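Chains as they are written, first to last, in the numbering used here: chain L, 1 to 308; chain D, 1 to 308; chain Y, 1 to 286; chain U, 1 to 286.
These are calculated hints, taken from the structure and not from any lab test.
Values in this document were obtained by computation on a predicted structure and should not be read as measured data.
Warning: the hint list may mix true and false statements.
[Said to hold, decoys possible] Each computed DSS-like pair below joins lysine-lysine, with the alpha-carbon atoms no more than 25 Å apart:
id	chain 1	residue 1	chain 2	residue 2
1	D	115	D	29
2	Y	71	Y	165
3	D	51	D	115
4	U	165	U	140
5	U	140	U	71
6	D	214	Y	278
7	D	29	D	51
8	U	165	U	21
9	U	71	U	165
10	Y	276	D	51
11	U	278	L	214
12	U	71	U	21
13	L	115	L	51
14	U	216	U	276
15	L	115	L	29
16	U	276	L	51
17	D	214	Y	276
18	D	293	U	276
19	U	278	U	216
20	Y	216	Y	278
21	L	51	U	278
22	Y	140	Y	71
23	L	293	D	214
24	Y	216	Y	276
25	L	51	L	29
26	Y	71	Y	21
27	Y	165	Y	140
28	L	214	D	293
29	L	214	U	276
30	D	51	Y	278
31	L	293	Y	276
32	Y	21	Y	165
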Amino acid sequence: MTFSFQTDLGGALLPNPILTASGCAGSGKELSQFFPLTELGAIVTKSIMIKARSGRATPRMAETPSGMLNSIGLQGPGVDYFIANDLPWLDAQGARTVVSIAGETVEDYAVLARKMRNLPGVVGLEVNISCPNVENRGMVFSCQPETARAAIEAVRRNIGGDLPIIAKLSPDVTDIVSIAREVANAGADGVALINTLLGMVIDTNLMLPKLAQKTGGLSGPAIRPVAVRAVYQVHAALPDLPILGMGGIMTGRDAFEFILAGASAVSVGTASFGNPTAAISIKSELENILQEKGFATLQEAIGYAHRN
Amino acid sequence: MTFSFQTDLGGALLPNPILTASGCAGSGKELSQFFPLTELGAIVTKSIMIKARSGRATPRMAETPSGMLNSIGLQGPGVDYFIANDLPWLDAQGARTVVSIAGETVEDYAVLARKMRNLPGVVGLEVNISCPNVENRGMVFSCQPETARAAIEAVRRNIGGDLPIIAKLSPDVTDIVSIAREVANAGADGVALINTLLGMVIDTNLMLPKLAQKTGGLSGPAIRPVAVRAVYQVHAALPDLPILGMGGIMTGRDAFEFILAGASAVSVGTASFGNPTAAISIKSELENILQEKGFATLQEAIGYAHRN
Amino acid sequence: MNPSSINNRAAQITAEVISNKRVGAYHHMSFLVGDIAAQALPGNFVAIAVGGEGSAMILRRAFAIYRATEKSAHGGLIELIVAPHGQGSRWLTSLEPHATVDMVAPLGTHFGIPTEPVRALLVGGGYGSAPLFGLAELLKSRGCRVDMVLGASTANKIYAPLDGKRAVSSLTITTDDGSMGTQGQITDVLSQIIIENEIEIIYSCGPMGMLEAITKISDRFGILHQCAVEESMACGIGVCMTCVLPVTGDDGVTRMLRSCIDGPVMDGSRVVWDSKRKIPEGTFGA
Amino acid sequence: MNPSSINNRAAQITAEVISNKRVGAYHHMSFLVGDIAAQALPGNFVAIAVGGEGSAMILRRAFAIYRATEKSAHGGLIELIVAPHGQGSRWLTSLEPHATVDMVAPLGTHFGIPTEPVRALLVGGGYGSAPLFGLAELLKSRGCRVDMVLGASTANKIYAPLDGKRAVSSLTITTDDGSMGTQGQITDVLSQIIIENEIEIIYSCGPMGMLEAITKISDRFGILHQCAVEESMACGIGVCMTCVLPVTGDDGVTRMLRSCIDGPVMDGSRVVWDSKRKIPEGTFGA
Ligand SMILES: Cc1cc2nc3c(=O)[nH]c(=O)nc-3n(C[C@H](O)[C@H](O)[C@H](O)COP(=O)(O)OP(=O)(O)OC[C@H]3O[C@@H](n4cnc5c(N)ncnc54)[C@H](O)[C@@H]3O)c2cc1C
Ligand SMILES: Cc1cc2nc3c(=O)[nH]c(=O)nc-3n(C[C@H](O)[C@H](O)[C@H](O)COP(=O)(O)OP(=O)(O)OC[C@H]3O[C@@H](n4cnc5c(N)ncnc54)[C@H](O)[C@@H]3O)c2cc1C
Ligand SMILES: Cc1cc2nc3c(=O)[nH]c(=O)nc-3n(C[C@H](O)[C@H](O)[C@H](O)COP(=O)(O)O)c2cc1C
Ligand SMILES: Cc1cc2nc3c(=O)[nH]c(=O)nc-3n(C[C@H](O)[C@H](O)[C@H](O)COP(=O)(O)O)c2cc1C
Ligand code: FES
Ligand code: FES
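Produce the complete structure using the sequences and hints provided.
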């Protein structure tokens, strides 16, 4: 019998469950010099906004114990450039693309969703709602049930067709399960857990916050226990909601931890910075572990740690 | 001119700003074999409850990248045993003691506060409100403004005298500033930031959560950026509220980061597990750094990263 | 809570690696430790910081003391038997002579030595044999007869050096796969040895399941059983409460005791075994 | 956004340390790298994983290639000049020969080589001299005249090995404390050298402040200035966007470009200097 590594991420059928994490794979071209992008379940793009963004001032980065802070600020060329240039290139490679979109207003999400109709090679939409809402004192969309719902509803109404919608949530909330439930009710086909944690490093030489933007997002293995907990909690409460798990996945063992907790697929982010071929190693390691543990399909392993 | 290392933690005058973290120094006796407890600004006891507690089942611990998870579950002999045995011993050493109290109901906090009147050697009270509230579906007190307020008000009403009350907050909230504001309004003289982050590790051999209790609290350097951010945010919003900072402090440099962010004193927790004399090294390293940077007093350095 | 017996002999030192030799599946490592070698008793353990500067491993690793020598050619020595198991122990066993480690030692309780000569059986599983050889010597010097049983899954996991066995009257070995000694488990041979040698006390060290099984046998024979337990430890010095296990006191009350300071050596019949993932009913504070 | 010129010659390899020698404040380290040595051009850099297994340092460290030799006695070699600055570089400089590291190389843009012989001035600050010696040789082999200025705070931070200087017609040294060469900064001597030697192009590498100061001078003289910038980098391969700096393109638009793939070698007059902690007004997308 052959092992099945396939996964179904809220309707996106992928040959394997290893994806890149949004904002951690450039335009795809940069990683493609190290391996063919078709090797991965899908490429998740950096979050695309309507207009071009310069991103935040530098320093934008600080290394932390087993992690890093970033405040890129969604630098990018805007959705039209993306559709005209990056996406056709990805499609030409045969890559499966999950487009991540980000907005500053509910209307932004609606506009972006409409632009996502009928694009070549796109297998799903990741809706990054861990962004400041300019209409609401800069409060992050996914930090309040109401604004999280509004953003996802805007996407659902405008996307048309059956492109799966994955809502990406921030862990910086009192109750992530209630946010997940809200976006599922608003029409999300799945959730991506977790975005970075809000953190700060102070440069003790300058005696000022190290990042120009003061705070940044904490990623890497340091946050893995928080991410696994979020995946486990959401899967326990909403077992039918597909989860794209991420946060500090460095090895196949780490990916397996997320699968056991309830993730249907995983994204590799910060690991690729330290190791350009991390996603490929993680893929083969995970496949080996699953087979060693006697699973005939990835499917059987999803949420296996919830058995009793 | 001599350097002044003194600090004022909401009314508690301490010769230096290095404290132990609650639950990370045993009864004091265990550390005292490595250094005299009088060396530290104060000893913070593990959280004392009204009755004896066995704590959680084992495994209670998992090491994580640059951190650890624990689910001790507030094991302890109860407040009366503590007052009769541990506290007199601490007092006999000349140690300054900050008693940490924890309750399962608002009434528990009131009862414990009354027991704290006129105890020998006690310089302050740390109120651990990062505990599940049994009267409210096990929701953690400090995760909701209303329950956080209720617990602190109960302590304030019952403590009598002028023992400083430091409310210890959980970082697992959407908006820690609003919780800090709430407890300050309820009568807290300061806040302790941060308690552990909720996390989980899955044992990939057993394919089950590693801790018997499933989730546990994440501590250590992994969480330091989250802690520094919390201290910075609260100090920015409430500059007059004294802060006891903690979360992954391993070196004098790390302690300095918290002071610059706005902490009036710091607690050393997990570092003592890897290094019994960590608190003492941190103290002398911090003193050196402050002097090298040209501060005449600790006081001048508190919140210095907020200047512009 | 029982007032714990803090081992006041512990110190934090920088120890130099003197030698590191592969022996079967293990590494025999010796460290220059100065005066504290004189403080170590059989059953005590050391806690070593692993991974070097900038390591993501923030907790120490505990190792039973195999042998402590006050006055070697190098001065005070402590020897350990280390299984390269995970990241921390692999780092440790990769050290070359002259490397240094940060060590806290000696820690924990030690095996109780009878005041009169007795007939003792020492039982070790895997690297659990490590602390038994020093114990054997001490018991023999007090006039005891010492028999030993060692078990492991396979031959190269039996640690039984020639010089270590000097103090032992008989040595029985079991391996799961039969690659050395009798095929089977320690417990298969125990009863017979106890009867034949009229054993009065058992000392043991090894996996928790083995200690539990030995306790059942020692209880049946009504003989003492001192075992060195191995719980996952974050601090090793009694400050974190992660290493607890339920132990019933003289007053009949079961309490969660710290295996790092109320142990690792405990009275097997007092330990409430099979308590993983649950607190036994009736435990103090439950 | 400008389509970035991805350096498709990069590979991820395990490189063996061949030698590690202290030279003044730095370590000269050479690594066996096989075929990729042939791919390296002056200005390219390598990215090395630091700290070993279980390290809390999850990001690579970047180092300019000092020299790449296709066919040494050992095969392809890459040499680096490493300042033991923080935890990562201290770990690297503590490695003994035969240790291995995970290296991605060669990365980034390289210095542009003029098609006709020109009069070039190479300016290096601290370990920034490293990539300039290979460049000097290449320029000389193309018939260029090469002058060099090196500066540092103090003598032992001047890296200028004898064999490296072969290709150089003149070498001027400045130190802040006057412990070697002229007391003062590189910029104090630059104008005179440019005039005297009728310099047509400046190549530089060193701290950002120095590069900015050189740009002011090169702009005044209206000569080209290719500089290798050093921004804090998380990935080194263009996927993280942490290493950006504002650069004005041919179209007059300023964009935040990645110094790891659109650099490190950039046209000094196109860089918008003094942009730390703020985005220059008018930047694309600001
Ligand atoms: C009192 C005592 C004596 C010991 N004596 C020896 C000895 O003589 N020789 C030897 O090789 N090993 C001994 N160990 C085990 C040793 O401390 C390490 O757990 C082991 O080397 C694995 O660590 P690692 O970093 O290689 O593996 P990892 O699996 O990477 O480390 C795991 C982490 O889990 C913890 N952990 C998980 N399970 C256990 C467990 N059963 N025991 C202890 N810690 C655990 C560790 O503290 C550490 O934080 C002893 C442990 C204790 C508590
Ligand atoms: C293109 C390039 C070429 C370089 N060439 C050399 C060289 O030839 N020789 C040499 O000794 N060093 C060089 N460096 C600097 C080197 O990469 C390390 O930053 C330096 O060794 C300090 O690292 P650390 O771990 O010792 O210090 P730490 O201070 O512990 O490391 C700091 C962290 O900050 C980041 N960081 C902070 N400031 C900088 C900065 N100015 N540049 C890069 N990273 C920073 C690092 O990436 C790392 O994450 C170069 C850097 C770049 C980007
Ligand atoms: C440099 C960087 C840039 C990121 N950019 C985005 C982004 O554009 N959109 C998004 O949804 N998440 C972004 N993230 C978050 C990651 O997708 C991921 O959720 C997070 O980093 C946790 O995974 P990791 O620990 O594997 O990196 C970014 C993370 C990093 C480190
Ligand atoms: C083993 C352990 C036990 C703890 N017990 C308590 C406790 O009883 N009460 C409390 O308020 N905090 C407790 N904490 C949290 C610490 O006091 C501290 O807030 C947290 O660990 C962050 O600091 P650190 O990273 O320096 O450990 C405990 C932490 C650990 C690791
Ligand atoms: S290991 Fe910390 S109390 Fe025992
Ligand atoms: S360092 Fe990552 S894009 Fe340049």
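Okay, the hints, checked on the actual structure:
1. Among the hinted pairs, residue 115 of chain D with residue 29 of chain D is consistent with the structure: their alpha-carbon atoms are about 22 Å apart, no more than 25 Å.
2. At most 25 Å may separate the alpha-carbon atoms for a hinted pair to count; residue 71 of chain Y and residue 165 of chain Y meet this at roughly 21 Å.
3. The suggested pairing of residue 51 of chain D with residue 115 of chain D holds, with an alpha-carbon distance near 13 Å, which does not exceed 25 Å.
4. Restraint check for residue 165 of chain U and residue 140 of chain U: the C-alpha separation of about 11 Å stays at or below 25 Å, so the hint holds.
5. About 21 Å separates the Cα atoms of residue 140 of chain U and residue 71 of chain U, which keeps this hinted pair within 25 Å; it holds.
6. Restraint check: the Cα-Cα separation between residue 214 of chain D and residue 278 of chain Y comes to about 12 Å, which is no more than 25 Å; the hinted pair holds.
7. A threshold of 25 Å between alpha carbons decides the hint, and for residue 29 of chain D with residue 51 of chain D the separation of about 21 Å falls inside it, so the pair holds.
8. Annotation: proposed proximity of residue 165 of chain U to residue 21 of chain U holds, straight-line Cα distance about 19 Å (limit 25 Å).
9. Of the supplied pair hints, the one linking residue 71 of chain U and residue 165 of chain U holds, its CA atoms being roughly 21 Å apart against a limit of 25 Å.
10. Our distance criterion of 25 Å between C-alpha atoms is met by residue 276 of chain Y and residue 51 of chain D, whose separation comes to about 24 Å.
11. Restraint check: the Cα-Cα separation between residue 278 of chain U and residue 214 of chain L comes to about 12 Å, which is no more than 25 Å; the hinted pair holds.
12. In summary, the hint linking residue 71 of chain U to residue 21 of chain U is supported, as the alpha carbons are separated by about 21 Å, within the 25 Å threshold.
13. At roughly 13 Å between alpha-carbon atoms, residue 115 of chain L and residue 51 of chain L fall within 25 Å of each other, so this suggested pair holds.
14. As the CA atoms of residue 216 of chain U and residue 276 of chain U are separated by approximately 17 Å, the hinted pair is consistent with the 25 Å bound.
15. Taking the CA atoms of residue 115 of chain L and residue 29 of chain L, the gap is about 23 Å. The hint holds against a cut of 25 Å.
16. Annotation: proposed proximity of residue 276 of chain U to residue 51 of chain L holds, straight-line Cα distance about 24 Å (limit 25 Å).
17. With a CA separation close to 13 Å, the supplied pair residue 214 of chain D and residue 276 of chain Y stays within the 25 Å bound.
18. The straight-line distance between the Cα atoms of residue 293 of chain D and residue 276 of chain U is roughly 23 Å, inside the 25 Å bound, and the hint therefore holds.
19. Note on residue 278 of chain U and residue 216 of chain U: the hinted pairing holds, with a Cα-Cα distance of about 20 Å set against a maximum of 25 Å.
20. Pair hint residue 216 of chain Y plus residue 278 of chain Y holds up; C-alpha atoms about 20 Å apart against a cutoff of 25 Å.
21. The suggested pairing of residue 51 of chain L with residue 278 of chain U holds, with an alpha-carbon distance near 20 Å, which does not exceed 25 Å.
22. For the suggested pair residue 140 of chain Y and residue 71 of chain Y, the alpha carbons sit about 21 Å apart, so the restraint of at most 25 Å is met.
23. Among the hinted pairs, residue 293 of chain L with residue 214 of chain D is consistent with the structure: their alpha-carbon atoms are about 21 Å apart, no more than 25 Å.
24. At most 25 Å may separate the alpha-carbon atoms for a hinted pair to count; residue 216 of chain Y and residue 276 of chain Y meet this at roughly 17 Å.
25. For a cut-off of 25 Å, the pair hint linking residue 51 of chain L to residue 29 of chain L stands: about 21 Å separates their Cα positions.
26. With a C-alpha separation of about 21 Å, the suggested pairing of residue 71 of chain Y with residue 21 of chain Y holds against the 25 Å cut-off.
27. Proposed proximity of residue 165 of chain Y and residue 140 of chain Y is supported: the alpha carbons are some 11 Å apart, at most 25 Å.
28. The suggested pairing of residue 214 of chain L with residue 293 of chain D holds, with an alpha-carbon distance near 21 Å, which does not exceed 25 Å.
29. Annotation: proposed proximity of residue 214 of chain L to residue 276 of chain U holds, straight-line Cα distance about 13 Å (limit 25 Å).
30. Straight-line distance between C-alpha atoms of residue 51 of chain D and residue 278 of chain Y comes to about 20 Å, which keeps the hinted pair within the 25 Å bound.
31. A C-alpha spacing of about 23 Å is found between residue 293 of chain L and residue 276 of chain Y, which places the hinted pair at or below 25 Å, so the restraint holds.
32. A threshold of 25 Å between alpha carbons decides the hint, and for residue 21 of chain Y with residue 165 of chain Y the separation of about 19 Å falls inside it, so the pair holds.
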